[in-house]
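Novice: This is what each chain is made of:
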Amino acid sequence: MAVRTVVEAIHDALMDEMRRDERVFVLGEDVGLRGGVFRATDGLQKEFGELRVLDTPLAEGCIAGVAIGAALNGMRPVAEFQFADFIHPAIEQIIDEAARIRYRSNNGFSCPVVFRAPYGGGVQGGMYHSQSVEAMFAQWPGLKVVTPSFPYDYKGLLKAAIRDADPVVFLEHKKTYALPGLRQEIPDGDYIVPIGKAKTVREGTTLSVFAYGMMLHQSLEAANLLANEGLNVEVVDLRTLRPLDKEAVINSVKKTGRALIVHEANLFGGFGGEIAAILAEEAFEYLDAPIRRCTGPDIPAMPFAQPMEDFFMPNPHKIAEAMRKLAAY
Amino acid sequence: MAVRTVVEAIHDALMDEMRRDERVFVLGEDVGLRGGVFRATDGLQKEFGELRVLDTPLAEGCIAGVAIGAALNGMRPVAEFQFADFIHPAIEQIIDEAARIRYRSNNGFSCPVVFRAPYGGGVQGGMYHSQSVEAMFAQWPGLKVVTPSFPYDYKGLLKAAIRDADPVVFLEHKKTYALPGLRQEIPDGDYIVPIGKAKTVREGTTLSVFAYGMMLHQSLEAANLLANEGLNVEVVDLRTLRPLDKEAVINSVKKTGRALIVHEANLFGGFGGEIAAILAEEAFEYLDAPIRRCTGPDIPAMPFAQPMEDFFMPNPHKIAEAMRKLAAY
Amino acid sequence: MRSTNEPSVKTKDGFAKAKHEELGLSQEELLKMHYDLVLSRMLDERIWMLNRQGKTAFVISCAGQEASQVAFARAIKSGFDIVFPYYRNMALVLAMGMTPREVMLHQLSKADDPCSGGRQMPSHYGYPKLNIISVSSPVATQLTQAAGAAYASKLKKDGKVTLTSVGDGGTSKGDFHEALNFASVHALPVVFLVENNGYAISVPISKQMHIKDISSRAASYGMPGVTVDGNDLLEVYRVAVEAVERARNGGGPTLVEAKTYRYRPHSSSDDDRAYRTREEVEEWKHKDPIEQFERYLEEHNFMDKESEKQVRLKIRQVIDDAQEYAEKAAYPSPESALKYVYAEEEVR
Amino acid sequence: MRSTNEPSVKTKDGFAKAKHEELGLSQEELLKMHYDLVLSRMLDERIWMLNRQGKTAFVISCAGQEASQVAFARAIKSGFDIVFPYYRNMALVLAMGMTPREVMLHQLSKADDPCSGGRQMPSHYGYPKLNIISVSSPVATQLTQAAGAAYASKLKKDGKVTLTSVGDGGTSKGDFHEALNFASVHALPVVFLVENNGYAISVPISKQMHIKDISSRAASYGMPGVTVDGNDLLEVYRVAVEAVERARNGGGPTLVEAKTYRYRPHSSSDDDRAYRTREEVEEWKHKDPIEQFERYLEEHNFMDKESEKQVRLKIRQVIDDAQEYAEKAAYPSPESALKYVYAEEEVR
Ligand SMILES: Cc1ncc(C[n+]2csc(CCOP(=O)(O)OP(=O)(O)O)c2C)c(N)n1
Ligand SMILES: Cc1ncc(C[n+]2csc(CCOP(=O)(O)OP(=O)(O)O)c2C)c(N)n1
Ligand SMILES: [Mg+2]
Ligand SMILES: [Mg+2]
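Chains V, Z, D and R supply the protein sequences, listed in that same order.
Sequential numbering of the first sequence, starting at 1, is according to the numbering used here.
Sequential numbering of the second sequence, starting at 1001, is according to the numbering used here.
Sequential numbering of the third sequence, starting at 2001, is according to the numbering used here.
Sequential numbering of the fourth sequence, starting at 3001, is according to the numbering used here.
In short, the hints are calculated from the structure, not lab data.
A few of these clues could be false.
[Said to hold, decoys possible] Quick list of the computed label-pair ranges, beta carbon to beta carbon:
1) R:Leu3338 to V:Arg39: 34 to 42 angstroms
2) R:Leu3338 to V:Thr200: 48 to 56 angstroms
3) R:Asp3158 to V:Arg324: 32 to 40 angstroms
4) D:Arg2278 to Z:Leu1051: 24 to 32 angstroms
5) V:Gln306 to R:Glu3291: 36 to 44 angstroms
6) V:Pro194 to R:Glu3280: 31 to 39 angstroms
7) R:Asp3213 to D:Glu2298: 31 to 39 angstroms
8) V:Glu247 to Z:Glu1285: 53 to 61 angstroms
9) V:Thr200 to D:Lys2328: 53 to 61 angstroms
We put the beta carbon where it would ideally sit given N, CA and C, even for glycine.
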């Protein structure tokens, strides 16, 4: 066992998998000498060399295309996008190519690539270093989309993603990377956390909260605030957005009758809509109250100035307020 | 008045607007001599010349970037993407640039560009000429997303989009382009259909259907099938997805108590989720039944072979079946 | 960039060596290449006929562009090397070893289509057995992937060369720049073949770029670039062998531009009369790659009019068989559309 | 690509004409350029100080790269022409006319920040009054936009030239290829300035490309390309004037590569010791653009140590004032984050 932050857990998973499997290599901007701008690949080049820890030119479409081509020739690439904000030039490669190669070739080819990207804000990253992009990827069949919240899950899910036979978009909330409060005891050895399984991280009866990434932690904090008020909130860590663990989501609402979805991305068209739609169809009879969403505001991106950034970010107080309202319904 | 197909209505709107306003010009692949692969720009180059009807190199990122830059220098560009499937290389320009220029400059600059793209299948276009991309764009504040269904609306909404002060993604269902059954008498002169207003195209009491594009027509047909069975279905043509006409959606369900959302795009993460979420939150007390979605299956794209394409496409019979089930709930 | 119109080399005793000898091509190889050229041309014609008969919804054709594809198929180690083709490469995949029956199964979208099981449009080839990577429709996406496959070869030291092909239009897309740049930075074993047929659908070269030869772009990446007459099979072969050897020997990537022409409209959905004159098309037909090659074979007594006729008779039978076989074959079932979204054991 | 190290031209009577005379630069202009260089450098230093004091969260610096920016600001018609800068262009926007107070308001994310009202990270300039287009973070997106603005000028015949600037790293992205290609096909009035400081964050040129001079890429598009010593202000000015005149006179686009160096880490979040030696940094400081220019001004008796000191004293006061003014200014209100998603009259 060792105490690890989120980014350390990611680092460990990469290190382990590269030692375990020669086919695994990482590529991206500044992942080599620099060890990644968030240090996720720190020291990897030293151990595995320049070829397996590749500093690429500044071209995200190229990073994705090269990873896909290498996977088609038997490798297990892990592509890092420096910020999720800059994954957009790679979208054609990720959704038209990676996500469809198995399908379009009638199972003749497969594309085992992991696309890693730090997302989310609250770090004074401004409009272009704070984006949440999960909804853009979760909508495409052929892709898997993973959004862990705890160091233990980051390590286990990243290992699972690297070993997965299909392309995985692995989203890492950058504000959680080094949060001291998030340090966790995790096994040194090899373990896997399966893709596609949610986890109830707080049992409750009053209402169910569905969240992931930084917002999962904010929701837990909010739930603790409400404990003192006698409200007993259940919190479900989705962990994987596609394939979503529908059973876990539905079963929680069957128990509590109330659902609050929390995400940092803006409301309209965000991933929360899908959860609400599933519940409104498949748990309708169990719903005792409207399905609520607590999210970022519908503005183009997170502003830089602190007052506006704070205004954007859902926080334990805003979430607790939404919980109270929902519980009182 | 003149009888017009969808593509003719689009053509008329472009012609009118280019005559009305010198700042309007169109650019894209094969829009010039060829008049567009779907003939939407037929004859425009003849009247307005090569500069205002510009055949671009094969580079969608460039098409979008050039349109944005021209708009920043006072023009009103209408960029055509030959197929919505090929708009992906332009996503960075559309969502990071066009959608944010006004916001990031604190209203110092604006970006009045129309991004036209033919979407949707059922035309034996196969995996890469059939995509529905509305959910990918509707989630971004700063953009407007328009999806008309009738020739009259195509003309009026395209004119509104060209005159809009902000970027508009204008999606045209290619299967409806020349459908003889869709011909419509429309005024020759100038008229506008406002962005952001839905339209109830069939009054009913049993249940509400929300759709757009080809699926709107399929839903109407399904509603007519059910009329004989004594079911009285209301059909709402959303017309604009962002900003969505929430009032129209909610009011319809307040009346009928039942909601069916129909779109061709695959289910999970599709635009239908947002409509369901809005209803589950804001019309909860009026819902007498689960919210249902009738959509394409969750596979990476529409296959080419006719049996598989038919399997993919929602059609009046599948939709009617979904209506019966919902009405019977 | 260097010109490729070198004269046949002289032997010591002064007699000019025939080009095919100089290139080390045997009679058998020459006749095989001829067969593949004609097979591709005749299969293409048959497919257009089926389209007119309403038996296939979509056709995209390589008629006129066969020579460079057949030459490259011979220059690589077919089945060992890796190939990322594009949709206009029927001659390439035939010459590499896909059978007319298989091409027909793909063209008619039958369940046994080895490329996609009927899921993709016709001409979206892919053939795992021969390392022919599945073709998609978005133009130029294969270029960075080819660089990636070659990078994997460098990592694995597997000795493979990757070949990828793209049209002139595709070279305007950022992918071209990013792929060639990456390939050159790492001296990767990859060859980029540009089939310059003068048009991106209706858009002529003059509206696509402001340069004479696309191969001159190689200089931007510090790699060799060659322009070759794409209708001269032996010249393309000469260039192809050089490029493939360079790649295999660690010399890095090469950009090859084959100047050629497509006889047909862009696809069965296109009408090329809107953007090019019949005279232009006719002119190019006088430079037909098959005729040129047959002249050469005749001059060197490998073939005559009679044997050429025999080849065509034989090919017609092969094509009749392929058509009959494919027409009889079953369509994929509707529900089969749900298969292979993810690895089977993981389908949810 | 042509070299730019031409000797000063001789006048008829044989005496060498001073370079600034040859370039038609008056004493006043020379001193203004000197002022802008020093202002930018000193303002940069002040901003780093504020960062260390915890008064500003993020710094990105142009120290070492001022010369080419100040030269180009003078070569264009500031306020008439259109400029798409990138984040490392503080010297450019100052020389064009943004005031130190305005730069500080932007740096401190105050409500009156004229670039973004505090919405964007520092160094994301934008200034409608001077046609300085709002900078975003995604690298190289400005390049096709600049081509588009120049295309609009061609349509409107407004006589404007568009200038855009990008780093060496940005030239690896497809946008670079697509923008230069489009600009050349249409002979647009646009100048592409590449500030080659040898690194994309930690990635050295050798891992980014396999060529010596980025300007050589101009040949891929059939446009002129020039490499110039980016730390030699007058040389850059010579090249800039040529490129801008060519654009204005219908001669089409030019690619200018200014070879230079950034003294600071990539940003306040970077640690450059991981990827470059202190010796390398020191070496470049011996080629400092400001010192070089001051030597020139001294040789031609425009300045001496004393007047240089005076300039710095004056600038320090200007910067003190700017800092005080900006620190006193109000932050944007939280709710103001909701404004300007769409044109006001259309906000829903
Ligand atoms: C990214 C993308 N944009 C547009 C298209 C539509 N399209 C298909 S082929 C084509 C022209 C390609 O021309 P070229 O690359 O020269 O190849 P050719 O067909 O001439 O062999 C276009 C525009 C596409 N398939 N992909
Ligand atoms: C599309 C994109 N990818 C990655 C980044 C992260 N990033 C910001 S600056 C930079 C390096 C840019 O280097 P260069 O273009 O040489 O400019 P310089 O900073 O050296 O002036 C990177 C990788 C980004 N902003 N945008
Ligand atoms: Mg072509
Ligand atoms: Mg740089």
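Novice: Are there hints from earlier that the structure breaks, and if so, what are their numbers?
Specialist: 2, 3, 6, 7, 8
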